[in-house]
Amino acid sequence: MRKARGEKVQLRWLAHARSGDKGNTANVGLIALSAELYPLLARTVTAARVARHFRGMVSRVERYELPNLGALNFLLHDALDGGGTISLKTDAQGKVYSTALLRMEVPVPPAVARRVHPRASARR
Amino acid sequence: MSKVVRVAAGQGFWGDWLEAPIHQVKGGPIDYLMMDYLAEVTMSIMQKQRSRDPAAGYARDFVPAMERILPDVAAKGIRVTSNAGGVNPRGCAEAVLEVARRLGLGGTIRVGLVTGDDILDRLDELLARGHELRDLDTGRPLSDIRDRVRSANAYLGMAPVVDALRGGATIVITGRVTDTGLTLGPLVHELGWRADDWDRIAAGTVAGHIIECGAQSSGGNLLKDWRRVRGLERVGFPIVEAAEDGTFVVTKHPRSGGVVSVASVTEQLVYEMGDPRSYITPDGIADFTTIRLRQAGKDRVQVSGICGLPRTGMLKVSIAYFYGYKAVGTLVYAWPEAYAKAKEADRVLRARLADLGLRFEQILTEFVGADATHGRLSGPPDPEAPEVQLRIGVRARQKGPVERFTRELAPLVLTGPPSVTGFAGGRPQVEEIVAYWPALVDRREIEPAVRVEILRA
Numbered sequence: 003m004r005k006a007r008g009e010k011v012q013l014r015w016l017a018h019a020r021s022g023d024k025g026n027t028a029n030v031g032l033i034a035l036s037a038e039l040y041p042l043l044a045r046t047v048t049a050a051r052v053a054r055h056f057r058g059m060v061s062r063v064e065r066y067e068l069p070n071l072g073a074l075n076f077l078l079h080d081a082l083d084g085g086g087t088i089s090l091k092t093d094a095q096g097k098v099y100s101t102a103l104l105r106m107e108v109p110v111p112p113a114v115a116r117r118v119h120p121r122a123s124a125r126r
Numbered sequence: 002m003s004k005v006v007r008v009a010a011g012q013g014f015w016g017d018w019l020e021a022p023i024h025q026v027k028g029g030p031i032d033y034l035m036m037d038y039l040a041e042v043t044m045s046i047m048q049k050q051r052s053r054d055p056a057a058g059y060a061r062d063f064v065p066a067m068e069r070i071l072p073d074v075a076a077k078g079i080r081v082t083s084n085a086g087g088v089n090p091r092g093c094a095e096a097v098l099e100v101a102r103r104l105g106l107g108g109t110i111r112v113g114l115v116t117g118d119d120i121l122d123r124l125d126e127l128l129a130r131g132h133e134l135r136d137l138d139t140g141r142p143l144s145d146i147r148d149r150v151r152s153a154n155a156y157l158g159m160a161p162v163v164d165a166l167r168g169g170a171t172i173v174i175t176g177r178v179t180d181t182g183l184t185l186g187p188l189v190h191e192l193g194w195r196a197d198d199w200d201r202i203a204a205g206t207v208a209g210h211i212i213e214c215g216a217q218s219s220g221g222n223l224l225k226d227w228r229r230v231r232g233l234e235r236v237g238f239p240i241v242e243a244a245e246d247g248t249f250v251v252t253k254h255p256r257s258g259g260v261v262s263v264a265s266v267t268e269q270l271v272y273e274m275g276d277p278r279s280y281i282t283p284d285g286i287a288d289f290t291t292i293r294l295r296q297a298g299k300d301r302v303q304v305s306g307i308c309g310l311p312r313t314g315m316l317k318v319s320i321a322y323f324y325g326y327k328a329v330g331t332l333v334y335a336w337p338e339a340y341a342k343a344k345e346a347d348r349v350l351r352a353r354l355a356d357l358g359l360r361f362e363q364i365l366t367e368f369v370g371a372d373a374t375h376g377r378l379s380g381p382p383d384p385e386a387p388e389v390q391l392r393i394g395v396r397a398r399q400k401g402p403v404e405r406f407t408r409e410l411a412p413l414v415l416t417g418p419p420s421v422t423g424f425a426g427g428r429p430q431v432e433e434i435v436a437y438w439p440a441l442v443d444r445r446e447i448e449p450a451v452r453v454e455i456l457r458a
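Going down the list, the sequences are from chains A and B. Positions in the first sequence are counted from 1; adding 2 to them yields my numbering. Positions in the second sequence are counted from 1; adding 1 to them yields my numbering.
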């Protein structure tokens, strides 16, 4: 059933992203697909929500805002099994934590959902 | 028209596309070619190579690349900045001079050699004088691992690059100079920026950051609208066109593939980012929240507004030390129920490792095709998946358990779950782990030892 306050939309329809590493920390830069979506991202993609999304995979999440680039930067601590050469992970350098974050769902107003959903179905 | 300096990226890491520097010097006008080779662990790999062969220890790819472009470099007056020198910049410089002589360019090519970043032989002296070189991430003092250190290099900034260019160097070869310093150096030299003009230093640093990973800012690895990125088979590496006031345009050569857009530049800007207000380099601190981007034409992004802060009194040091051993092995399980078979194989293997009494610091299992990159976020595995790869890795301080692990994978072919293949590669290799130890050191300990020499062919 649809909530009165809005719908859940996967971040992939609202943002693009790139990730990298610093030691055992992965960073994900989350970038609004268009400038008007940035305030929505800033409001809904909180450090607490991201930490919940990645629970069991990271120890702690920090968030930084870059309104000038329409972007948020997340530091995911202890995400890389030691990182660098120590890590046994396929993604030892956190290159695809970016798209892992884009799996997250956030609540959006119905008007935004209507705007991004047709695109979602068109691109699938 | 006011002066514009064009710095082109020719290489974003050791192993990048070999054709890129050739396209950069031939595809259109550039003033500088910037070739970045060093990642965090590259220095330790080079140190290992040099311990086997005193003439090695630098990015060998750089020499044949120079051989191919030197005639154009000489004819067009292009200058090159590179940290290809690794742990043996002198060896690298001599190899390039030899190539220049062979090409009959002895009279025109001058190599600026930058040394002084290598502090491996000075570690005990520094420790004795109270520099603890604590791990920036864990806070542990270097004395914990002192006897296992393999390489130690301070990150130098743009200053020695500028000195080499002032001295007339055509090709500047350094060891551990920052990626951004290789771009900032030419801008400071050409545009007459003061070293304490923190906004311009920050601007040149951001320019360097945008092009230091090569095509990653010009369409490579670009997620937004990735299907619309054309011509990656001949992708144009990025070029910065910088003006005296610190503004610059990111672009690429005409008729090259890829794309330079606000999206492509933004994705690179956030790559490996920490606190965006404080991007710290030896030359200054850049505030990424002040960057303004504007699409100024096809494949042209205008960058402006950048503010900076003064440099700190410390330099980062990259130390590599012996950590232990690891090995990773794989087997492929086929439909039907591929995931369930792979999962059972993992259980059997782990039980055998336990029965043998082997101790590991870590055993990590991933199921490629099910959860290897996104973990539990991938959702439930598809029972109809055509195949799933079991990928299992172990890590230990001692070699013995890792060695034994590498012999336990193949037996699963005949003693484990069915429909298994993909073991033709033989046993997994035991790898030595050389780990990274980032630290800080007072810049006054390092800078007096930095040397710039101009060598003629």
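Don't read these hints as lab results, they were simulated from the structure. Certain hints may be false.
[Stated by the list, open to error] With a straight-line cut-off of 30 angstroms between C-alpha atoms, the simulated BS3-like cross-links for lysine-lysine are: (1) B:49 <-> A:97; (2) A:10 <-> A:97; (3) B:317 <-> A:24; (4) A:97 <-> B:4; (5) B:49 <-> B:4; (6) A:24 <-> B:4; (7) B:27 <-> A:24; (8) B:225 <-> A:10; (9) B:299 <-> B:225; (10) B:49 <-> A:10; (11) A:97 <-> B:400; (12) B:77 <-> A:24; (13) A:24 <-> B:299; (14) A:97 <-> B:77.
Since this is a predicted model, take the numbers as computed values, not measurements.
Hint by hint, here is what the structure shows:
no. : hint            : result
1   : B:49 <-> A:97   : 27 angstroms, holds
2   : A:10 <-> A:97   : 26 angstroms, holds
3   : B:317 <-> A:24  : 14 angstroms, holds
4   : A:97 <-> B:4    : 38 angstroms, violated
5   : B:49 <-> B:4    : 44 angstroms, violated
6   : A:24 <-> B:4    : 37 angstroms, violated
7   : B:27 <-> A:24   : 35 angstroms, violated
8   : B:225 <-> A:10  : 21 angstroms, holds
9   : B:299 <-> B:225 : 17 angstroms, holds
10  : B:49 <-> A:10   : 52 angstroms, violated
11  : A:97 <-> B:400  : 29 angstroms, holds
12  : B:77 <-> A:24   : 39 angstroms, violated
13  : A:24 <-> B:299  : 33 angstroms, violated
14  : A:97 <-> B:77   : 38 angstroms, violated
The structure shown violates the earlier hints numbered 4, 5, 6, 7, 10, 12, 13, 14.
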